[in-house]
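With the sequences and hints as input, model every part of the structure.
Listed in order, the protein sequences are those of chains P and X. Mapping the first sequence onto the numbering used here, position 138 (from 1) lands on 138, and the numbers just tick up by one. Mapping the second sequence onto the numbering used here, position 250 (from 1) lands on 540, and the numbers just tick up by one.
Heads up, some of the hints might be wrong.
Said to hold, decoys possible - Label pairs and their in silico Cβ distance ranges:
1) X:639 x P:233: 34 to 40 Å
2) P:119 x X:542: 21 to 27 Å
3) P:259 x X:359: 49 to 55 Å
Simulated from the structure, these hints should not be mistaken for lab results. The structure presented is a predicted model; accordingly, all values stated were derived computationally and were not measured. Don't be surprised by glycine CBs; every beta carbon is placed ideally from N, CA and C.
Below are the chains, spelled out letter by letter.
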Amino acid sequence: MPLPLLNYIAFSGIFILLSWAIYLPYRCGQLYLAPVYSMATGAYFAAYVTTEWNWPIVLAILSSPFVGAFFAFLPALGLRKAPGFTTAIASLALIFIIQTIVMNLKILGGHSGMFGIPALEYPLTTILIVLLVAGIIVYRIDHSRFGRAAELLYYSSEETACFGVNMALVGMLLQVLSGALSGIAGALYAFTVGSVFPGAFSFSMLLVVFSAVFVGGNLTMWGALVFAPILWGLPLILPEAIAEWKDVIYGGLLICILILRPEGVISKETVREVGDGIRKLARMRRRVFG
Amino acid sequence: MLKKKIERIFVCLFGLLLSVSFVIAPAIGAEPVVKEWKVPSLIFLTGPYAGFGKQIKWGTDEAAAEINAAGGIAGRPLVIEWYDTGMDPAKAAAEMSKVVKSLTIFGPVGAPNCKGALPLVVREKGFAMTVDSGAEVVSEFFPYTIHNSDMFERVTPPATRGWAKRNPQMKTVIQFVFPFDPTFTDVANYQAKTLEAQGIKVLPNVEISESVDLASAVIKAMGQKPDGFTIVTLPMDGAKIIKELDKRGVKDKSRVLTFPVVDDQSFFDLAKGYIDGLYIWHFQNVLSKSPRWQAFNAKWRKAFPDSQYATFGTVCHYDMVYMFKAAVEKLGITGDPTKVVEERNKIREYCRNVKGFPGLQYNFDMVDGLGKTPTFLFRIENGERKLVETYPPIK
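So this is what it looks like as structure tokens:
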């Protein structure tokens, strides 16, 4: 496979995982911006264990969601019940905190970061497998009792309380799951790029995933799946004269979509309609071909 | 007898012909197979530092235009293909993946982009001429890249010592440091080590993020009652710090030293009227009398009327294009796609160790991928730089 295409798919996969990490806590109305923080922990963990302890890449990838989840669990103890705005501000601060911590840790390379991280032997297969497994987990959560409880919490905390749902537990679990997804995204990032450093995990990354979730669709996992590759890939194919306006395009899109279609381009109805369409096509195919 | 003489003449002639053929054969055999030399160049043309990127692009384009006007490289025109990386390591890596197998790549520029894109160059054993993004950052990826100036570890001490020598009363120094770029923190560390070796106490750094008001940072620094200050920040922040220091009684600016990044027109514009006496150390000598530099800078002033001198990044990239030209012509590179790996390795080795390369401001050697350039210490007098000392390259 040509290298540019491989790179595009790899980064698209990483951005989809990060977008889902934003999407999951948003299911219960939490604007949780810490995925970049958890991603940094996963990336540094993967970089350290493979370069310093010679762990196999597979083991590093398999362990990274647990590292991400653990580091998401710590702030989740305080943020589990926090309202949307508080969660947003507090989780944003986590990005500064992790940047400052890694900058001052010599064993993680300080300001310079870590280099010489080994590359994935089968990058495409690895990323597609991770994406598939993560997608199944997010889909199962969406369609479980837990997912429906989270959705109810999104619309009304009073009604959710009436149903006896432990709101704090729902919030915490979604944040921890978000941390796990971000952790593995971080490990994949480290193995794809080959270096990690504090500046890599910044707000510009957040802008892409945020746009993917809110332009793509914030009430269904499919929005991020479709729009993360589009929005991340857009500046790579835009002519130079237009590419300069990339941030304006992102911002404009975000504003327009939020005004005209607050649920994003792909809403639950869109998913249902597409599903019905596919079923109809399948029935027609069966009728025609017996 | 005559027969022997004729034989001898024939042998001599044959020997002469053989020698001549050895000399000219590479040149004849080195006829390029490409119609034009397409070289990808990765740079940030968007984002917060786009202004610097455009200046560097101008310098690169200028060199290419001059080369093409003079007949191109080995008779073929040079075409530079631009790739915008922004200041985004992921995008830099993606853009690099499009061009990593090229004969040579210009850039990427900026420490984050280098860290994002250069690992791919190492994996693919390519060659990226990353000439001005901090030698400490770039050297991690040697031998697959080069840097036009030496490690800060080697070039920082002489000028810092020069400044300390001119301020014998100075017993304590505090440093304002931009913490988000490893080059800045590295320089601050080397300056601190040098000053401490001179018996000067270096107080804990004051970290400066990009912000509108730097008064609190300056008050914090002044609270520790330092005798001297070094500024290792972005140019605009440097200018704001100078003004704040002035406001708080630091009128003798000879107690302040700035490092090369601060030396930008935006710094001079914003800090105008507050910088007399200030010391700046740099790799480039904008006061050079070199006719090439003078002509280049005259064009620069036309292109950027608000800026007095071309930036170091621009000069480095201009020199880089000429270094590529020299490599192609001296090594008889053909551009044959089937020989790209072999020819790329030759260019890389040439650039890593070229001796006496005629740069825009001075000639310099490349040693194992690092440019051995002199360092200069300037003092500002009546708003203008005055060269006070030149430090030869560290061997």
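Each hint, compared with the structure:
1. X:639 x P:233: 34 to 40 Å: Check passed, 36 Å falls within 34 to 40 Å.
2. P:119 x X:542: 21 to 27 Å: For residue 119 of chain P and residue 542 of chain X the Cβ distance comes to about 54 Å; the hint is violated.
3. P:259 x X:359: 49 to 55 Å: Taking Cβ atoms as reference, residue 259 of chain P and residue 359 of chain X lie about 53 Å apart, which means the hint holds.
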